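S.K.: Chain residues, written in single-letter form:
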Amino acid sequence: MAKHHTSKATKVMYIVLSFILSCMMLVLSLALILQFTVFKQDFVTSSMEKVSYYELLRAEILRNLKDLGYASGIDESFFDDFLDETVIREDMTEYMTNFYSGKKTVVSTDRFKQVFNKALDEYIVKKSINPDSVSKENREYLVNQAISIYRKSVQIPFLSRLSGRFMEIKQVLPITIGVSSVFIVLLMIILIFSSRWKHRAVRYICYATITGFIGMAVSFIALIATKKKRNLNITSQAVRDLFDHISNRFTMTFLYVGIFFAVVSIALFILFRYIYPKRTHSHVGQGSLEVSEED
Amino acid sequence: MSDFNSRHRHKHRKTSGKGFLILPVMFFAVICLGIYIAISPSLKLLKEELGVMFSDSAKDYSSGEYKNIFVPVAEKPKEVATDSNGKEKTTELETIPARELTYPAYNNLFGELIIEECGIDVPLFFGDDDVALRNGVGIYAGSFIPGYGGTILIAGHNNTYFNGLKNASKGQMVKIKTSYGNYQYRINDIAVKKATDGSAYDLAAPRENLIMYTCYPFDELGLTPWRCFVYGEFVSGPQVVDKYEEDDEDDFEDFDDEVDDNADSEEVE
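Protein sequence lines, in the order shown, are assigned to chains A and V.
Going by this note's numbering, the letters in the first sequence line up with residues 3 to 297, in that order.
Going by this note's numbering, the letters in the second sequence line up with residues 859 to 1127, in that order.
These are calculated hints, taken from the structure and not from any lab test.
This one's a predicted model, so the numbers in the text were calculated from it and none came from an experiment.
For each residue, glycine too, the CB sits at the ideal point set by N, CA and C.
Partial pick of chain V residues on the chain A-facing surface, computed with a CB cut under 7 Å:
| no. | residue |
| --- | --- |
| 1 | F886 |
| 2 | S913 |
| 3 | R992 |
| 4 | T1018 |
| 5 | C1073 |
| 6 | E1078 |
Let the sequences and hints guide you as you build the complete structure.
M.R.: Right, here's the structure in full:
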C-alpha cells in the first residue's frame, strides 16, 4: 500500500517536472523566435530588400515632394532624377541601427538637405531664374518643408512609440534564453537520471515536446487567422508591404519551430516504444510486477 | 502466470498513446490559463495600444486616390415671375431637402469650380489635403459646402489649379457646379494677408459667402507665408434645408394650435 502511494507521488512529481519542462520549452521557443526575427536588425533589413522597400519609399517621397513643388513653383520634371535610393538606404540603415541599439530614433537629414539644395541651385540655373529674385526666407521655408517630408517618410510609424518596451524586452531576451536553456537541461538530467527506467524519462520529455508543438501550432493558426493585422493604421504602401512581409515571416517561424517539435516528439515516441517492450520483456519473472505498478 | 499475462496486456493497453495527447493538451490549457491570468490586469492597456495601431477596417491601397461623386446637373432656365403690374416679383430661393443630397466624404471629388475670366475650370474636392490639391482645389472640411448658408473656404496651389487667381478682379462671377445644384458667386474683394492672419476669414459668418485662397506671390520659387484671398458673395443657387426640422416645426405649431383650441373650448364650457 505504501509502495502504491510512493508510486503515485513519483508519477505526480514526474508530471509536474514534465509540465515545467513544457513551460520552459515554450518560453525558450518564443524567446528564440523573437530574438531571431523582429529583435534582429538583419531580419528587418533583409525584408526591406525583399519587398523593394527603398524603391517604393523613394516613389512616395517624390510624390509628396511633387505636392510641395506645386505649392512652391517647382516643375514636376525637377523630381524626375532627384534623390538616389542610396541616400534613403544610408539614412534608413542609420535610423534602424539607432533604434536597435536603444539610441534616439532620429532620421539624419544632412545628406538629403545637401542633395535638395544642389538640385535647387541647378534648377534655378536651368530655368534662368535670377537667384536674387528668390527670397532667402522663402527658399529656406521650402527646404525645411522638404526635409520635414523626407524625415516623416523615412521614419517607420509606431517605432518610436514602441521603442521603450522594445528595448526592455530586448534586454531581457538573452537572459530568458540562457535561463530557460539551463532549466531545460537540468530538468532533462533529473528526468533521465532519477529513474532506472529510461523509457519513463523519454515519455515525460515527449509530453513536453508535444506541448511545445501544440503551443507553436496554435500560435501559428492564431496569427494566420487574425484579421486585425490587415488593418494596420498606415497610409504608406511601402511600410504596409514591409509590415506584411515581416508579419508573414514571423508567422512562418512558428510553423518551422512547430515542425521541429513534431519531429522530435515523433522520434521520442518511437524511441519510447522501442525501449518500452525491451524493458518489460527483459524483466519478466524478475521485476515485471514492479514495472507494471510503477507505470 | 495468468495473473502476469493479464497485467502484461493491461500495461500494453496503457501505452496505446492516448496519454501522449491528453497530458500535453492539459499542460497547454494550464499554460494558457496562466498567461491569461498574468496579462489580464494589463489587457485593457494592451487593447488600447493595439487600437491605436490597428483600425477597424483595412485600408484599400488598390483603389484610386479619390472617389468621384460629381454628376453635373443641367442649369435650370431662370424663370422671371411678374406681378399684375408687369413688375418683376421677388421669388423665394429654390430649396433642396438635405436628405435628397449625398454629403461628400473627405477627398471626394464632388463638383467643379469655374471662373471664366481667369481661365479657371478645376475639379472641386471636399477636404484640402495633398490628394485634393494634387488633383484640383479643395474645400476646407471645417467650413461649409455650397447651399448650406455659411462660409465656403477653398484652397488651391498658386502654381497649378489656382494660378489663374492672379487675374481675378471684383465683379467677376464664380460658378460652382455640384451634383445637387449650380451656384454663382460674385467676387467682391481681393486681399493679400499673412497665412496666420485669423481675420482673413470668418467661418462662423451667418450668410453664404465664398473665400478662395492660394499662396502669394504667384509664380515665385519657394514657399511664402503670404496668401492671396479672393472673396465672393452669394448670387444664386439652391439652398439646402433640413426637411425633418421644417416638418417638426410645423408639427409643433399644429400641436400648439390644438392645445390653444382645447383650452379655449374648456374656458367656454
